[in-house]
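So the sequence lines, in the order shown, correspond to chains P and C.
73 is the number that numbering that gives the first Met the number 0 gives to position 74 of the first sequence; each next residue is one higher, with no gaps.
252 is the number that numbering that gives the first Met the number 0 gives to position 253 of the second sequence; each next residue is one higher, with no gaps.
These aren't lab readings, by the way, just hints derived from the structure by calculation.
Just so you know, these numbers come straight off a predicted model, no measurement behind them.
There could be a bad hint or two in this list.
Any copy will do: because identical chains look the same in the list, a pair fits if it lies in one copy or spans two.
Unchecked claim - Heads up, simulated DSS-like pairs for lysine-lysine below, C-alpha to C-alpha not over 27 Å straight-line:
| hint | residue 1 | residue 2 |
| --- | --- | --- |
| 1 | K93 | K18 |
| 2 | K320 | K18 |
| 3 | K320 | K120 |
| 4 | K120 | K18 |
| 5 | K320 | K13 |
Protein chains: 2
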Amino acid sequence: MKIDPSPRLSALQKRLRRKKYDALLVTEPYNRRYLSGYTAADHGIGETAGVLLIPATGMPCLLTDSRFVLQAEEEAAGFDVVLYPRGLAPLLKKMLPRLGIETLAFESEYMLHATAGRLAKVLGDCGVDFVATTGLIERMRVVKSEDEIALLKKSVLRNEQVFNLVYNTIEPGMSEREIALALELTMHELGAERPSFETIVAFGDNGAKPHAVPGDRLLVPGEIVLIDMGLVLDGYCSDMTRTFVAGKPDSTYRERLRVVRRAQLAGIHAICAGVSCRDVDLAARQVIDDAGYGKYFGHALGHGVGLAVHEDPRLSSRSRKKLQPGMVVTVEPGIYLPGWGGIRLENMVVVRKDGAEVLNEDTTGLNL
Amino acid sequence: MKIDPSPRLSALQKRLRRKKYDALLVTEPYNRRYLSGYTAADHGIGETAGVLLIPATGMPCLLTDSRFVLQAEEEAAGFDVVLYPRGLAPLLKKMLPRLGIETLAFESEYMLHATAGRLAKVLGDCGVDFVATTGLIERMRVVKSEDEIALLKKSVLRNEQVFNLVYNTIEPGMSEREIALALELTMHELGAERPSFETIVAFGDNGAKPHAVPGDRLLVPGEIVLIDMGLVLDGYCSDMTRTFVAGKPDSTYRERLRVVRRAQLAGIHAICAGVSCRDVDLAARQVIDDAGYGKYFGHALGHGVGLAVHEDPRLSSRSRKKLQPGMVVTVEPGIYLPGWGGIRLENMVVVRKDGAEVLNEDTTGLNL
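Let the hints inform the model, and build the full structure from the sequences given.
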């Protein structure tokens with residue numbers, strides 16, 4: 000299923016007119032894909048695969064270089080694809096007066112300080128105001144349509160399928176890296192575009208690092224295994240963490256696992272449109288605090304997921320923002336004890352008017 | 000082999016004192032690794048794994064969050080690892096006055112416009128000048144030590160080994176994606192940290208996109224195969240392109256291949272310390288122009304390679320910078336004909352006082 004981006008474009012153009020911007024320069028890659036369907040990946044922020052120029056009225060343009068022109072023309076239907084053989088600044092200098100653009104907004108959250116300075120100077124010289132904005136498109140992306148939720152569900156289920164195929168092959172003697180590679184290979188085999196982030200596989204005390212990097216360590220019977228993985232399918236991300244033991248878990252593990260699972264359920268039950276992000280985080284955190292592990296849960300409870308694997312809203316004790324129906328978030332409490340290991344459980348959840356809808360179906364590590 | 004970063008730190012601190020900066024905030028991930036040995040990866044520019052605070056004199060600090068603290072302490076010897084549980088700005092506000100830092104430089108080429116604005120405001124409020132700089136560390140990185148060149152050579156040879164293992168298995172009926180995956184899997188098996196960029200495998204007319212994305216297309220006998228691949232080993236990148244035909248090449252292909260190879264040799268022969276980047280690009284471009292394919296070679300001839308796969312210098316017709324001994328660059332002319340396909344040949348080369356030293360040994364597609 001491909002989602003037609005033209006209603007998003009119209010909504011954005013209306014917004015630009017209301018704000019009296021003649022156009023918006025879209026540099027953020029997920030925003031670019033959201034509005035145009037163009038899927039090319041940037042090579043870091045310094046090396047873009049193209050930017051969108053969205054006028055407040057009229058035909059939008061995709062500005063890129065010769066390496067990407069064929070892909071851009073194939074994918075970005077309804078966009079005028081324009082090349083910048085000598086870079087973006089000279090092209091804008093030529094195009095903007097011709098299009099009557101006197102106020103050009105840019106995405107301050109996705110433009111380097113140095114680049115913004117250079118463009119402001121060049122455009123200022125030809126009478127164009129270069130105005131910083133934040134979150135214009137992100138605010139649209141944060142609430143998902145039912146079509147988007149269907150794609151996110153598909154991504155979650157495909158991710159679980161990958162997990163289960165590899166889970167059934169895990170045995171002592173395998174390395175973290177070997178399992179991570181098997182997961183990523185299986186993602187590709189099952190049609191994922193790519194992993195949505197670098198797959199984490201951590202054994203034993205290595206799991207005490209919430210962002211552990213898989214290494215050559217070999218699995219020993221009785222060790223904890225923590226796997227945090229996600230994939231991109233039709234552009235939409237999944238993100239899931241499972242923790243289990245290679246063999247028979249001891250009572251310490253089972254007790255701590257129960258704490259984390261109870262915290263996760265408390266978080267999920269707190270989720271409902273109108274509730275603040277902070278209150279959801281605190282509902283889960285309270286369970287971990289009460290069990291005496293408060294200082295071993297150092298990160299926020301969750302984050303939004305969509306085209307980006309980490310996006311708004313943040314389920315953090317510092318966010319007073321309110322949840323809205325159609326937001327999709329992870330709920331991922333964890334406890335991390337240096338020298339012992341870590342337990343994290345992560346599911347993805349849709350915020351509904353009357354509560355939370357869990358997208359996951361896999362129950363590995365959840366049965367205590 | 001691990002390179003001790005402390006001489007680099009001393010050189011940078013000397014530079015900071017000369018420029019009257021009390022400290023530099025290092026946000027660029029390769030610069031961070033170059034100075035500290037800390038290998039964690041950022042999740043895009045919006046989600047850093049930590050920043051360095053390098054005072055003009057005294058002990059450097061690595062500022063990060065709880066997810067990365069164990070890795071930071073393991074890897075960044077000689078650094079004081081400091082946590083920012085509430086974000087970077089509050090920590091800097093607390094630390095800078097205590098360290099007597101009144102002028103803090105930042106990397107304008109690797110800080111978002113919005114972030115720089117927010118930090119400038121917070122720091123300004125406590126009397127700290129927040130000063131944009133560019134290229135302070137990049138200028139050090141551009142010239143490689145013999146130790147770095149040895150690591151780059153190792154990366155190039157490992158990459159060739161991966162290529163050759165997979166090359167010998169390629170046959171009609173395989174998909175682009177299948178070959179790309181086999182290459183990336185073999186990279187991991189042979190000890191690479193990761194691919195240095197998304198591996199390109201393009202068949203037939205798909206090769207006319209210089210940045211083609213591998214798809215489900217199946218290889219047909221007689222088709223052109225273009226593979227552009229690289230890996231990261233001990234932090235250092237390789238980058239190589241090979242083009243060949245699945246079966247017997249026809250005379251058109253052979254003629255065009257010869258043009259590209261002659262252009263590559265012309266570029267390599269033009270390389271020598273003191274020569275401008277522009278002149279090297281033009282030496283290769285002239286060969287392609289003379290053969291009548293000038294308009295089908297739309298990109299620059301090459302780029303620097305080191306910790307980053309794309310770094311300075313750029314071998315571009317627009318760069319008047321002069322090559323220096325110890326620079327390492329790719330030489331990668333190509334011709335791309337929509338509907339027919341593309342041919343690109345890419346080797347890595349060290350700039351020496353008296354000419355070029357080619358790091359590659361593989362000759363696939365080079366024998367005409």
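Against the structure, the hints come out as follows:
Taking CA atoms no more than 27 Å apart as the test, K93 paired with K18 passes inside one copy only; the shortest distance there is 24 Å, against 38 Å between copies. When the C-alpha separation of K320 and K18 is checked against a cutoff of 27 Å, the pair qualifies only within one copy, where the shortest distance is 23 Å, while the shortest distance between copies is 43 Å. Within a single copy, K320 and K120 get their C-alpha atoms only as close as 36 Å, which misses the 27 Å cut-off; across copies the closest is 23 Å, which meets it. For the homomeric pair K120 and K18, the shortest alpha-carbon distances inside one copy (23 Å) and between copies (25 Å) are both at most 27 Å.
In the homo-oligomer, the alpha carbons of K320 and K13 lie at most 27 Å apart inside one protomer (25 Å), although the nearest pairing across protomers, at 46 Å, exceeds that limit.
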